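**Student:** Protein chains in written order, with the numbering used here: chain L, 1 to 654; chain G, 655 to 754; chain S, 755 to 1254; chain X, 1255 to 1740.
Keep in mind that the hints are not guaranteed to be accurate.
[Claimed, not checked] In silico EDC-like pairs for lysine to aspartate or glutamate, Cα to Cα no more than 16 Å straight-line:
#, chain 1, residue 1, chain 2, residue 2
1, X, K1323, X, D1403
2, L, K162, L, D84
3, X, K1621, X, E1662
4, L, K78, S, E958
5, S, K1191, S, D1120
6, S, K1191, L, E167
7, L, K620, X, E1662
8, S, K1191, S, E1081
9, L, K5, L, D112
10, S, K940, X, E1662
11, L, K27, L, D112
12, L, K195, S, E1081
13, G, K748, X, D1403
14, S, K786, S, E860
15, S, K940, S, E958
16, L, K373, L, D429
17, L, K548, L, E460
18, L, K517, L, E530
[Said to hold, decoys possible] Restraint ranges, calculated between C-beta atoms of paired labels, are given here:
#, chain 1, residue 1, chain 2, residue 2, range
19, L, K595, S, L762, 47 to 53 Å
20, S, S775, L, I581, 19 to 25 Å
21, G, S747, X, L1264, 24 to 30 Å
[What the hints assert, rightly or not] Here are some chain G residues pointing at chain L (derived, C-beta under 10 Å):
#, residue
22, T670
23, M675
24, I676
25, I677
26, R679
27, I683
28, M685
29, C688
30, M691
31, F706
32, H707
33, V710
34, H711
35, T743
36, L749
37, V750
Think of the hints as simulated: they come from the structure by calculation, not from any bench.
This structure is a prediction, so every number in the text was calculated from the model and none was measured.
Glycine residues also receive a C-beta, built at the ideal position from the N, C-alpha and C atoms.
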Amino acid sequence: MQLIKILTISSVCWPLAAGLLTGLFVKSHRLAHRLCVLGMLLSFLSIIWLCIQFMSGSQQAIVVDLMQWSSLPNLNAKIGLCFDAFAIMMCLMVSAVALLIHIYSIGYMQDDIGYVRFFSLISLFSFAMLFLIATNNLIGLFLGWESISLFSYFLIGFYYYKNRAAEANFKAFLINRFGDCAFCLGLALLIYHCKSTAYADVYANINLLANTSLNIFNNPVQLTTLIGCLFFIGAMSKSAQIPLHIWLPDSMEGPTPVSALLHAATMVTAGVYLLARFGSMIEFSAGLKLVITVIGATGALFLGMMALCEADIKRIIAFSTLSQLGYMMVAIGLGAYHIAIFHLIMHAFFKACLFMAAGSVIVGLHHEQNIFKMGGLWSSMPITGLCFFLSALSLSGIPPFSGFYSKDLILSVAQASTPASFLGYYVYDAILLGCLVTPLYIFRVYWTVFCGPENHQHGEVCESPWTIRFPMTILAILSIGAGALTLPFFVGPDALNIVPALPDTSAITRLNQFINKIVTGGLLIHALREPALAFSIGGVVLSWIIYKRKPQWTTRHQTWLAIPEYILRNQYGFDWVYNNIIVTFFSGCARTCQKVGEQYLINRTIENRVSQNIVIGAEKFSRVQTSYLNRYFAIMSVALAGLIGISLFYSGIL
Amino acid sequence: MLRSIIILTSMMLVLTAFVGMIINRRNLIVMLLCVEMIFLSANINFVYFSRFHQHVHGQVMALMIIVVAAAESAVALALMVLMYRQYHTVDSSKLVNIRG
Amino acid sequence: MNIPILSLILWHGLIAAIIMSQLARSSIWLQKSTAVIISMLGCGLTGYLWYGFIPNQAFQFVEKVPWIAHLGAFYHLGVDGISLNLVILTMIIVFLSILSICVIQEKNIASACTWVFLVQAMSIGAFLALDGLLFYLFWEASLLPMFLYIGLCGGGNRWFAARKYFLFSLFGSLFFLVSILYLGLKAGDFSFSSFYQLQLNLNEQLLLFTAFTLAFAIKLPMFPLHSWLPDAHTQASTSGSMLLAAILLKLGGYGFMRFNLPITPDASMLLAPLMTVLSIIAIIYIGFVAAVQSDIKRLIAYASISHMGMITLGLFVAYLMPGSVQESTRIIGISGVLVHMISHGLSSAGLFLCFGLVYHRLGTRDIKDYGGLMRVMPIYSGFFMLFILSNIGFPGTAGFVGEFFVIYATCAANLWLAGLAVLTMVLSATYSLGLVKQVFYGRVNNMQLLTVMDINWSEKLLLGLLSLMIIGVGIAPDIITASSVHAIKNTVLFVKSGQS
Amino acid sequence: MQIHYFLAELLLIIGLLGLLLLKQIVKNHESQTRAYVIGLYLTTIVLLIWTQADFNGKTIQDGLFIVDKLSLMVKLLVLGFGLATVVFFDQPILRCGLPVVETYFLIGIQTVGMMLTIACVNWISLFVCLELMYLPIYALIGLHTTNRDAQEAACKYIIMGAFSTGVLLYGISLIYAVSGTFELQALIAPSLTTALNKATFLGLDPEQSLFLIGGLLVLIALCFKLGVVPFHLWVRDVYEGGLYAAVSLIASAPKLVLVLVWSRVFFDSELSSLKNITWIIFSIGLVSMFFGHFLALVQERIRILLAYSSLAHMGFVLLALGLMSQMGHEAAMVYTIGYTVTIALVFLVLSGMIVNGRRVVLIEDLKGLSITQPSLAFLLLIAIFSLLGLPPFAGFMLKVRVLTALIESQYLGIAVLTLIPSVVAACYYINMIHLMYFQKGNEVSIVESHYSSIQSLLLITGGVFIIGVGIYPSELFQWVSGFYPS
């Protein structure tokens, strides 16, 4: 068994070793990317080997204990790794995407001065993500959680000489940190009530947690709901849900591989992973699940619409990530955790492919990011165009592509199990409209960039080198076939139970029966009866009409489109709120504290004034002593008489 | 009865000495005189009460006081002579050189 | 253990100071090498002590010699879990500040080293003393070398800062003296064990509690009495700030643990809410104030005040826990306080050291003069980033462990307090990363920056040593908690007696 | 009268008289006379120890005088102070042209006076010896004929001193009138009714009122001589006027003697009428502490600052004396010993310093001393921190001793009250250290000082005493407490 132990540890730690080595010692570019890609490859291969072991074995979770974190009384805090079905699935996806992005960034970053630093940071990030997924205790979870936001801070601020990058990574880290506050509080509560940090103990006494309740504002609140809320706030900040999403569009300041790896595939999905990992916690409170679905649905629709009037290609894809994350949150909220994870993995593939295509376009046009300054690139960059087209189709959920499988499952689950209340209808309608909007904005990019009139001044544009094309094509293939291939692992009778220790409440069993029924009956047939597919195809056709055939429509209908366009361009005023209200409130508050502190300190100077009064008083006193001899005697006689008088009086003689 | 009269006289003498020192604005020598008066008023007490207690200690003390008072005034006058050489006056209100 | 190891460690500092003061006229190289060798010897001694320390026993290596027979005060030294860790921290920080003096300063190295060794001797004396009067002697004596060190080798208006520091500490410790004398006379002799067995009625305890808190609140700057620390730090030299931040602030925390909790449990029970409110204010208010500082050293000073607020919170939250909570949560809370003390010592020493290196090159403390340092000194900014992370409380570094255990204990006591305490993570992130943004990111606007060289091998060694320790404590805090659990269990027993 | 107990004093007197006779032969050679006087002092010390060491603690009641361990100890200290003054008087003599033989004669007689006062237990002998002690001091200040301040100080001092002795005398006369005996313990012996019949006097019960007034007058006279608030007026002028070496003698030795006399007079205060005196003494002590430290805050001249701080320290001693118990007296004695050694050290260090041609007058003159005279600056540093009462130095242990005495006799409030003025004291004390140590470069005043080997030896012993007592005080505590007749 020693071999498995070493392999599990090494699968996570290869990228760490590679990252540290390149970061500290390597200087040459070639050695740097070789080392990192090798590290990532080894980690990917060992995870595949583990997956085979897991599948062939009796699907037992592979657990490895690393060290004893602290030996405090009745708090067992051991740090270790555990590869169960869920972790293996995620690790496979993360290491695959990370490997491809390593290869991709060889091509993308070759003329950048921070090349070595970039590779070490990317590898360290992959280690952090793998550790987050593979750890078997809450302390390791929080360590992974914080380190991915730290590496995103470094990577967003990679071009440190740009002030906007400094602003973006500061904002990103702060919002993540805000979420981590709630998350840490939830962790502390959880550890306190389970007396241990290991997942196994947490799952063991989930029911105990469900019954205990704390009274806040002296009405009892179920502990699991409270911890669930805190975890959800943490997930909201990490997976950019509606109020805390403002950092993701700005995080496009980082290089494109970073956007592809972090802000599309791996980091932003950590929130979904967390909620899925502790699904059993959320299961106990219907209210919380409803809140999650509503926030997810609003995110899915409205954040997607913002992409409609965005000019920067990377920000458009970032907005699409926001909306897809909304879909995952809806799936989580509805209790279909394994479907959320399925969509997460599929989304990782086609979103990473989209970003890579965008990256290769940017490289081709010498770092031009505005889609209206590109056009007609199909002829000069056919492969990028094809990959973009395929992943766009998969994104908008067109049947044969993998996007269709996961998105359609979410929609059918939503239709089946959303509560029959106004909110339930709102959720379903929102994600339905989302299916319409998604193809609109993604194909708008496609038509304007690849098929529209050629209005870039770069003359001859050549296809990007093989290091960019090769990973892009692999991801395009994955976004075609992955859905059909991996569907049985997630859904259906012999699926792996992804979410551990799910309480088999009636809702969960009903949901599973419904999903099994759809899958056995053939997903495509079921989809035909659903409006979702119609909306997706309709969206594609609509975008073809608006942006390909009649581009002049948009110019002609300028007037009544002006107001919604203004709203969408300003991202519903979130940025304005953030900059003017929250930031000014905080700095105003800090300045008043400082001023009050100053005044307080000035009070202190009042104290100084008090000391000055003492000095003045002392000076007056010292002037009493005028060195006139007879005044001395006068004072002395008075004192003499006074003393004698007092003592006589007190001793009762007088 | 006589006892209280004696104490009264010595108290009167001491009080006059005190008043003398306070009222006298100018002259250092007068202050010295008043101090000597205090010595002598104590002397009265000692002499009378030595007789009252029928033992000689009081008178011995009186003698001692006179001797010491003499030495005292000798040193005091010597110092005043030296001061006179510097200040050319015996007026105590001129002795204000030390400030602060 | 027949050799008196504790006296050796205690007087090592003094002998070192005397040696260094004699070397004032010798060559620079000789001064530097002797200082480093002596300091290494000190670390060796502490290592020997740590090696010989048995984790689950109360006071070890006890030495008791009659000192002032008239008052019943003894020269009584002993070490237990808490004081062992603090002594090791002192030795390490002194070693690092000696190294920083050798690396940064070119002239009057001998005098700076004398003051550093004196502070080491006095603070180790305070940590090891088991006799009230002896504790007070070292506690008060540690004030002198620091005052003279700030005054002699400080910055511009060092006199103002030194005077403020001296008067604040003196004011607090005088009341502390009267209370110790009162206790000593009431208990017969001055040893801590007899203090702990004293049965004091409530208003006696309240008086003593206020006297103790006044002294320790000034030393560990609690909220209302903190205004001396920023001035002292801005004027002190680099090694002076390191000593002040890492060792002398811990005296306050140590005092709370040794005096307030055990001797006056009922009064602490009564006043625990007030103290927690003050520490919460310290965390949040000072967090805000730190965010708008324009002077880097002043910002780091305010950061350490906010961390000290965390420590007092951890100490007094043990009293707010309802009876139903097991005793082990209190043990976790207070061991969290100890770990946080040590981690704050390391990280703030690191920050001051880093700033000292830059100040040595550029000579200005104002944030506006810095910008885009990342391009000019990449390795330096890596180390600075690590210390900032530990300051924020990033898991994996020392800063997180203490903070997490204190938040864990506060959760058990009262959720709202925990909510407010957790805010410290955001606030510390704001001012720390705001500093990083202004200093390291963005364009290089101060041309002088371009001529600056990155850190050389000796500075790298120095910073590397410190960052190793910070990551070590972060990854395996067991080094500290294992040895101190027994000692903390004893202090917690008093907390319990306070409640019953 | 066993003469051999007073051989030491006799030897000193004869030696000094011999010195006067030899005046013509020696022709004012300053160094020979000084060597002669130092030799004289050393022989008296040796003789004193030899003659009085064999009494193994029994007190010989000799009517006027007493010989016991306590007086031996204080005599040795007084001789030490006298010796220090003699050693340090060479510069003032040379610089200010004082008559050589007369100065040493006066210092010698003053020491003899102090040694005799220590031994007195009878009012007569006490009065005479007190005068014998103080007259040379008045003369010593007046010797500096060329300096106006010195003359002014001498005149004021002699008149004020005479006035206070007058008050003392009148107090004694009243006590004698009531008690009929000159025993110092008269104030304590309660059995007085036999001597007086119960005739009323001015409607007052005679025994009570006269006795009380007498006791009070004695107390006031002693307070005056110690220099405590209501009677402190002479302190400032004398400290400012006199020479440094003379002032160091005035500031140290007499205070020691007075505390001893005080503890002899008010030893155990069962005396009913004076019971409420404790609160008066406490109030005087506290007022003088506050007054002394606050006023010292605003002074520019160093000697006036030290004068007011001595006022405050004497107030603190008064608090200990006010307890009127053996513990109180021991604490007061220990504090006075420690304080007098420190203040003597400070004055003697300052006496040797010349700041651009003149002696140190302002505090600013100390500016940058650590650069020009590092060893002197270090000595002053130790002395200042000891005066402030900081731990590694003697001042702290003395303060602890007095505070324990106060707390043990349930006066916790007073103990806490004494803390506030010591914080104020910190302000002006560390200001001196600031001037000495924290000045850099240009604004440094040139201070030269030349000390002979004996002088520097004495200064170093003073420094060692301060640090030694600070670290291991039980030696001094043992030495003092052993002497009081329990």
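**Student:** Look at each hint and say if it fits the structure.
**Tutor:** Okay, the hints, checked on the actual structure:
1. X:K1323 to X:D1403: Outside the cut-off at roughly 40 Å; violated.
2. L:K162 to L:D84: Since the Cα atoms of K162 of chain L and D84 of chain L sit roughly 43 Å apart, the hinted pair is violated (cutoff 16 Å).
3. X:K1621 to X:E1662: violated, 43 Å
4. L:K78 to S:E958: violated, 45 Å
5. S:K1191 to S:D1120: holds, 14 Å
6. S:K1191 to L:E167: holds, 8 Å
7. L:K620 to X:E1662: violated, 38 Å
8. S:K1191 to S:E1081: violated, 43 Å
9. L:K5 to L:D112: Not satisfied, since the Cα-Cα distance of roughly 39 Å exceeds 16 Å.
10. S:K940 to X:E1662: This hinted pair holds, its Cα atoms lying about 9 Å apart.
11. L:K27 to L:D112: holds, 13 Å
12. L:K195 to S:E1081: Holds, because 13 Å separates the two Cα atoms, which is no more than 16 Å.
13. G:K748 to X:D1403: holds, 12 Å
14. S:K786 to S:E860: Holds, at about 10 Å.
15. S:K940 to S:E958: holds, 11 Å
16. L:K373 to L:D429: violated, 35 Å
17. L:K548 to L:E460: violated, 23 Å
18. L:K517 to L:E530: holds, 15 Å
19. L:K595 to S:L762: 47 to 53 Å: Taking Cβ atoms as reference, K595 of chain L and L762 of chain S lie about 52 Å apart, which means the hint holds.
20. S:S775 to L:I581: 19 to 25 Å: violated, 59 Å
21. G:S747 to X:L1264: 24 to 30 Å: Violated, at about 46 Å.
22. T670: Result: violated, 12 Å to nearest chain L Cβ.
23. M675: Because about 5 Å separates M675 of chain G from the closest Cβ in chain L, which is inside the 10 Å limit, the hint holds.
24. I676: holds, 5 Å
25. I677: holds, 8 Å
26. R679: holds, 6 Å
27. I683: violated, 12 Å
28. M685: OK, holds: M685 of chain G within 10 Å of chain L, min 7 Å.
29. C688: Since chain L brings a Cβ to about 9 Å from C688 of chain G, closer than 10 Å, the hint holds.
30. M691: Given a least distance of 13 Å, the restraint on M691 of chain G is violated.
31. F706: Check failed: Cβ of F706 of chain G comes no nearer than 22 Å to chain L, outside 10 Å.
32. H707: violated, 23 Å
33. V710: violated, 31 Å
34. H711: With a minimum Cβ separation of about 26 Å from chain L (threshold 10 Å), the hint on H711 of chain G is violated.
35. T743: violated, 13 Å
36. L749: Where the cut-off is 10 Å and the nearest Cβ of chain L is about 6 Å from L749 of chain G, the hint holds.
37. V750: Cβ of V750 of chain G sits 5 Å from chain L, so the hint holds.
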